[in-house]
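Undergrad: Quick mapping for you: the protein sequence lines, in order, are chains A and B.
Residue -4 is where the first sequence starts when you use the numbering used here, and the numbers rise one by one after that.
Residue 15 is where the second sequence starts when you use the numbering used here, and the numbers rise one by one after that.
It is worth saying that the hints were derived from the structure and are not from the lab.
If a hint is listed, it holds; no wrong ones were tucked in.
The calculated DSS-like cross-link candidates involving lysine-lysine, where the alpha carbons are at most 30 Å apart (straight line), are:
id	chain 1	residue 1	chain 2	residue 2
1	A	Lys5	B	Lys168
2	B	Lys71	A	Lys48
3	B	Lys225	A	Lys5
4	A	Lys48	B	Lys199
5	A	Lys146	B	Lys168
6	A	Lys109	A	Lys37
7	A	Lys5	B	Lys97
8	B	Lys168	A	Lys223
9	A	Lys5	B	Lys35
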Amino acid sequence: MLTPITLPGKSPIVPTIEVQFYKASMQDGMAQRLAEIVLQEKDHILETTPVPKGMSPAWLTGRFWSYNLLDYDHEELRYLKTFIAEQYGNFMQSLDLPVTPVYIKVWANLLRFKQEITWHNHFDCVTGLDTMDAVFPHISGNICVKTHGTKTWFRSPFLGGAGADSFGNGKGKGSSRFKQDVIGIDNVVGECLFFPSWVIHRTDENETTEPRITISFDIIPESVYLVKQDNAIFRRLI
Amino acid sequence: MSIVHVNFNSRSAFIPQLNFKFYTHQLDANLVTRLNEIVLEIKDDILENTPPPGPGKPLGFLTSRLWYYNLFDYPHAELQELKLIIAQQYCAYVDAMQYPRETVYIQCWANLLKFGQHINWHHHSDAHASAPNEYAYVSGNLCIHADDTKTYYKNPCIETDIVGLDNINGEMMLFPSFISHETDKNMNQTPRISIAFDIITEQVYSMIDHKNFRFLV
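Using the sequences and the accompanying hints, generate a full structural model.
TA: Structure (C-alpha cells):
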C-alpha cells in the first residue's frame, strides 16, 4: 500500500516535502520464524564478521557491511527474498515506474534494553560512494519481526541533514529544548516498510527487556551495482 | 544583486531534484576595506571579553565566540552601514523569492581563519540559539578577504553531493539557514576574514532564551 509521508517545514524557507513510502504485510507467522532465525544466526554473524572500529563487538547492526542475511540457508529467508521482490515490484508499479533489475543487501538488527539506532540514512548503502554515484541511491526498507510498541521516526532532510549537528544526542532533541517535528510510524510485527534510501530515520529506544528484532535492506539499481567495486555483498533481487 | 541557483540534480525517481536560490550582493570596496580593518582592530577585544571555547579548541579561534557577542554592538559607523545593507538585501531576497517580509532580528559575528584553518560542515538551522530547526530562516556571509577559497554547500538529501561557490571579496551571500556548508582551508599566510550572520523571525525571537539578536527590519 502506497503511504505518502509529509515532512513539514514551518518557515517559508524550509520546504515541506512529500515522500512516497510503501507498506506490505508478510504471511501470518513468518515474522516469528524470522525472529527465531535471527536469534539462531546472530552468534555466527558476530563470530564471522569483523567488528567495525569503535563499535561494540555485540552490536549486530554494526556488522551489516560484512554479510548478507539472504546467504543463510533457511526457507524463510528465501520466502523473504521473494516477498521483498514482489512488493518492490508492486511499489514501483504503484508509482508508474518501470521494474528494472535491482540488487539487495539484507541484515538483521537486534536492540536490547535501552538500545536504539540514532538518526541516519542509507544513501551510502554501497560503501565508498563518490559524488557521482551518490546521486543513485534507491530504496531501503525494514521489516518488524519482533517489536513491542516502538516506532521508527522520520524527519525532513531540511532540518539539518543526517549528521549529529544540531541533533547532538542523535534523538532529535539536541541542544534545543524544542521537540523536533518528526513523523513516527508504528513498528507493526510482520509489516515491511519501503522508503527512499536518503530519508533520515531513527528507532525508539527499546524499553523492554525483550530484544527488538528487525530486518533491514538496501536495494540498488543495476546501474549502481555495475559501477561499484565493492558490490560483492549484494544479491540479485529482480 | 543577483540570484545564484544552487542545483542538486537527481538521477533517481526517489531523490528530489533540489534547486535552491541564494542571493548575492556586491558591497562597495571602500566599505569592505574598512570592515577588514575593523575586524582586525576589535578581534582581541572579542577574544578577551567572551568565554573561551571548551577543552581542545584553540583560544584564538574567533568563530567559537559567536554566541557571546553581536558585531553590531560595536560602535563603528561602517558596521551600522553594513546592518542597513543587510536589511535592504534581506528585503530584496524575500521579495525575489516571493516570501512574505517579516519582522526580523539578526546576530552577526566575524570569522578569521589563519593559515591551515577552516570551518567544518555545519548549518545554522537553530540560528545558534537552540531555536527549533523547522523554523530555519535566512543566514548569510560576507567575504571580506579571501584568496582563492570556496564555500561548499551540501545536498540535504545526499551528503556527498556538494556544490562549491567561489569566495569573492566584497560579496555577500544570503542562503537558507538549513543548508550545511563548510569553507576551504586557508592556505595563505594572510588571514581569511568573513562576517557571518543569522536572521530569525520575530516568532523565533519570541521562542528563544538566549536573545543575542538585534532588531534588523
